[in-house]
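Chains as they are written, first to last, in my numbering: chain R, 1 to 114; chain H, 115 to 224.
Because the hints were derived from the structure by calculation, they are not lab data. Treat the numbers as computed from the prediction; the structure is a model and nothing was measured. The reader is advised that the hints may include incorrect statements.
Unchecked claim - Cross-link-like lysine-lysine pairs, in silico, BS3-like; alpha carbons within 27 angstroms at most:
| # | chain 1 | residue 1 | chain 2 | residue 2 |
| --- | --- | --- | --- | --- |
| 1 | R | K53 | R | K19 |
| 2 | H | K216 | R | K41 |
| 3 | R | K18 | R | K36 |
| 4 | R | K41 | H | K195 |
| 5 | H | K216 | H | K195 |
| 6 | R | K9 | H | K216 |
| 7 | R | K22 | R | K9 |
| 8 | H | K171 | H | K182 |
| 9 | R | K41 | H | K190 |
| 10 | H | K182 | H | K216 |
| 11 | R | K9 | H | K195 |
| 12 | H | K182 | R | K41 |
| 13 | R | K53 | R | K36 |
| 14 | H | K216 | R | K38 |
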Amino acid sequence: DTEVTQTPKHLVMGMTNKKSLKCEQHMGHRAMYWYKQKAKKPPELMFVYSYEKLSINESVPSRFSPECPNSSLLNLHLHALQPEDSALYLCASSQGGHLNTEAFFGQGTRLTVV
Amino acid sequence: GQNIDQPTEMTATEGAIVQINCTYQTSGFNGLFWYQQHAGEAPTFLSYNVLDGLEEKGRFSSFLSRSKGYSYLLLKELQMKDSASYLCAVREGRDDKIIFGKGTRLHILP
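For reference, chain R alone in the conformation it holds in the complex (with noise of 0.2 angstroms):
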C-alpha cells in the first residue's frame, strides 16, 4: 500500500470559514508534509513534520495551522482565507530519520475561497 488519502477532494469556503483538510497514510510514515501549489507552478512546501512533531514552517501565515493526531494522520486547519489562497493543497509522506527515501503524495484538495 502506497496510499495518501486527501479528503476532500475539493472545498469552496467563504473568508469568514473554518475548515479543515484530512491526510491519512498507514505506510508507517515518520515524516508528513503539506505543499501548496497554484497553476503552473511547483509545489511549495508549507509545513513537515517528523515523528509528530512539527519540524518545519515555511513562515506560512497563521490562518493555517497544521495538526498531527498521530503518525498516520496530518490536518491542515483553515481560518480566514484569502482568495488568493486558491490553490491545490497536496500532502505527502515519506520514512523519516536516516532511511528517508521517496515522498509519496495524496490526489490533493482543490481549495476555492470566494
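Since the structure of chain R is already known, use the hints to place chain H on it.
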C-alpha cells in the same frame, strides 16, 4: 537556502529520447527526486538518487553528479502519455525538507 534550475519547456517527438537537466545548489544535500505531474493531478514519483551514477527503471533513467550539483532524467521511446511536467526536487539537510524546482513542461509531438 537552495536554488534548483531546470528548463521551463521542452518538445520532443513520439518514439524519440529526451533528456531533462536539473542543476541545484543547496546546503546539506540529502537526495534528489524526479516526479511526473499531469495537469490537475498529484505528482507521481519516478526516481530517487542519493549516490552518484545512473539509476534505470524501464523507459526512465536518472543520473546524479553530487560534485557538479547536476542531475538529468532520460526518457526513452517517448509516448504521447509522457506529455507532462517533470519536477526535480531536492532533499536538504536532516529535516526531511523536500524542495521542488519550477518543473519542465514536456510536449510530445506525433
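Consistency of the hints with the structure:
{"no.": "1", "hint": "R:K53 / R:K19", "result": "holds (22 angstroms)"}
{"no.": "2", "hint": "H:K216 / R:K41", "result": "holds (6 angstroms)"}
{"no.": "3", "hint": "R:K18 / R:K36", "result": "holds (18 angstroms)"}
{"no.": "4", "hint": "R:K41 / H:K195", "result": "holds (20 angstroms)"}
{"no.": "5", "hint": "H:K216 / H:K195", "result": "holds (21 angstroms)"}
{"no.": "6", "hint": "R:K9 / H:K216", "result": "holds (24 angstroms)"}
{"no.": "7", "hint": "R:K22 / R:K9", "result": "holds (10 angstroms)"}
{"no.": "8", "hint": "H:K171 / H:K182", "result": "holds (23 angstroms)"}
{"no.": "9", "hint": "R:K41 / H:K190", "result": "holds (26 angstroms)"}
{"no.": "10", "hint": "H:K182 / H:K216", "result": "holds (20 angstroms)"}
{"no.": "11", "hint": "R:K9 / H:K195", "result": "holds (24 angstroms)"}
{"no.": "12", "hint": "H:K182 / R:K41", "result": "holds (26 angstroms)"}
{"no.": "13", "hint": "R:K53 / R:K36", "result": "holds (20 angstroms)"}
{"no.": "14", "hint": "H:K216 / R:K38", "result": "holds (12 angstroms)"}
No hint from the list above goes unmet by this structure.
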